[in-house]
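For the protein sequence lines, the chains are F and G, in the order given.
To convert, count from 1 in the first sequence and add 1; that's this note's numbering.
To convert, count from 1 in the second sequence and add 1; that's this note's numbering.
Honestly, the hints are just simulated from the structure, not real lab data.
It cannot be assumed that every hint is accurate.
Since the list can't tell identical chains apart, any single copy or any two copies may satisfy a pair.
[What the hints assert, rightly or not] Quick list of in silico lysine-lysine cross-link-like pairs, DSS-like style, CA-CA up to 30 Å:
1. Lys-310 to Lys-178
2. Lys-81 to Lys-227
3. Lys-81 to Lys-228
4. Lys-255 to Lys-4
5. Lys-235 to Lys-311
6. Lys-317 to Lys-228
7. Lys-235 to Lys-4
8. Lys-5 to Lys-255
9. Lys-231 to Lys-89
10. Lys-89 to Lys-235
11. Lys-231 to Lys-311
12. Lys-374 to Lys-227
Residues per chain, in single letters:
Protein chains: 2
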Amino acid sequence: MQKKYLMTPGPTPVPSEVLLAQARPMIHHRTPDFNNVVRECVSGLKYVFQTELSDVLIFASSGTGAMESSVVNCFCAGDKVLVCYNGKFGQRMQLISEAYGLDVTVLEYGWQQVVDPADIAAHLKANPDTRGVIITQSETSSGVLNDVKAVGAIVADYNDCVLIVDSITGIGAVDCKTDEWHLDVVMTGSQKGLMLPPGLAAVTVSPKAWKAYERSTLPKFYFDWKKYLKNLEKDTTPFTPAVSLMIGLAESIKLMREEGIENIITRHARLAEATRKGCEALGLELFAPAEGRGNAVTPVWVPEGVDGKKLVSLMKNKHGVTIAGGQDDYTGRIIRIGHLGYFGDFDIITTLAALEMSLMELGYDFEPGSGIKAAEAVLMG
Amino acid sequence: MQKKYLMTPGPTPVPSEVLLAQARPMIHHRTPDFNNVVRECVSGLKYVFQTELSDVLIFASSGTGAMESSVVNCFCAGDKVLVCYNGKFGQRMQLISEAYGLDVTVLEYGWQQVVDPADIAAHLKANPDTRGVIITQSETSSGVLNDVKAVGAIVADYNDCVLIVDSITGIGAVDCKTDEWHLDVVMTGSQKGLMLPPGLAAVTVSPKAWKAYERSTLPKFYFDWKKYLKNLEKDTTPFTPAVSLMIGLAESIKLMREEGIENIITRHARLAEATRKGCEALGLELFAPAEGRGNAVTPVWVPEGVDGKKLVSLMKNKHGVTIAGGQDDYTGRIIRIGHLGYFGDFDIITTLAALEMSLMELGYDFEPGSGIKAAEAVLMG
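Bound-form chain F, shown alone:
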């Protein structure tokens, strides 16, 4: 037997309470029992998204479905949108927007750069007929955190432009004040901060986004927001929901309410800081820039002379600790340590210890225990 640890930025570990809630005998979705589940999921997600003004809609799909829903429900073919990205997942919104025939302008940044809100302000000033600004809050591929609060303040001045925020790995890890920051559409997926298996996605829809919906002519059915809203009035869904995942969500929301959203965000900040300090103490260099580091995942450069792919597979196969490697251009060059959702102090210790042992095995020279020591200092602080 080898104990296994899932230290990736999604799927993330699922608490036993949630795993077992999902394993309850199946119930029918058109029943008062399930209506209660829907009500609790929606109200809990509003709490997590920090919104009272927006509706929250839940889909049986992965996060990409929620991304697509934001495009098909807010726009017409030919609409001008600005897609800002600095990583793989942000780029996906460009691909979706293009697939639906939007007139896409891209503000592309390096994976180690933060999106500059001033660039967005300048673009909107020059192109006041832009119908949407699309941005990722917490970029999973690079660990970079974009300042969606600042972007919200800019887009709020444009009545016919909605701000769409992919917060798939942001929600539950970093602060995301949907109402206060004027975020019109915010999305997340279940296998992230919500501590569930993948298969559910959620979006918030602000009054401004509903206005965009009314003029939108892109074809839609399964992801048609209005169908979901109409059914929510009766605490139900237009199509058969993912019943077991919804029951799991109600359970994880219970855990999140008990801890409190502010405490959850503080915990993530603390664990991320311990991970960063631990890695730096080992002589490893952080990938994300100091001015924009998210708390869901810590990407770190693989040190000179170490094979990044070997490092990931050694940690997994020899030590049972699964972390993520780099994607696209950074395959084999960075590792990504997840600390999103159901994570506590000793998960960080475990990951750092597995990293230390694997680095030793690969001949990298450092002071064994130094990573743990630095992490402990943060965790005790």
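Following the hints, put chain G in place on chain F, whose structure we already have.
What follows is chain G alone, placed relative to chain F:
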């Protein structure tokens, strides 16, 4: 404590083995372990769909997502399609086709009628430029079984016309020979004959359907078939899959392989026949016509003088047995008894006994035990 029984045509009961497989600790989806799960799910679904020629693609969505996928992947806006329906779910394909701007002709039948293949033949002869015929095999709202084999033989003669079959409650309950019957696209959902919670959907795609895909220009992303096919070559999925449901699917496929698809279909026929004979012995009239009765669900007229809604709620609240009521025009007028998926002899006995007791309580006059007696005769035969 009240023991609860789910006797609806979806969601259906989930075997404990499957419930618990889903509750295993989360694993990452980009790993050899999960590649094995994908491979087993696809190969198992090919077995269940009885196909070697078609590809099988799996989505994190409910059945409606698979329905939408068949439209957006096969057609261009303005394409002529023929939608044949005799119930609520068949009608949904019309709504989806219209949402995507197809030129839809409807062959509508009453809910108690079988779609007549001769009408389809006549339509295609008069409109040889029809690009698709869309039909439901097993209509859940009415219990009617349409003869998709006969329709397959007709559509096979038209090289540029695909046959799309909604077999969401057909697969695993009635015979569906995808290859032999020339069915180009067949779809199902997880919460039906596959004995899983809802949240997964699958489609088969024949070489002819891939040809249709190549000329299709409707916008798509999340449900883009080619993205799934390309990833299947590496035993993976383009977007994060519903990991726990896929692990459950691998488990239920194990159960289905052990029993054998022919035996599964025979079991469903036997249980459906016991249900029908049991209801008739109680003096209740079957809703679906003799020439087209499916084996997934048995709809029955509520007898004169009995309140149909009360009957369903009495069975549920007093006896713990959940069956389905009628939909749309038949709300309160019919009941629908599910026997789809994880069902055995004594589930039928249980349902009939609860039905007998509830009918007695509502003052309906019949010989108590007569339904059970008739069912036993079938089950012993």
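Those earlier numbered hints the structure runs against, lowest number first = 1, 12
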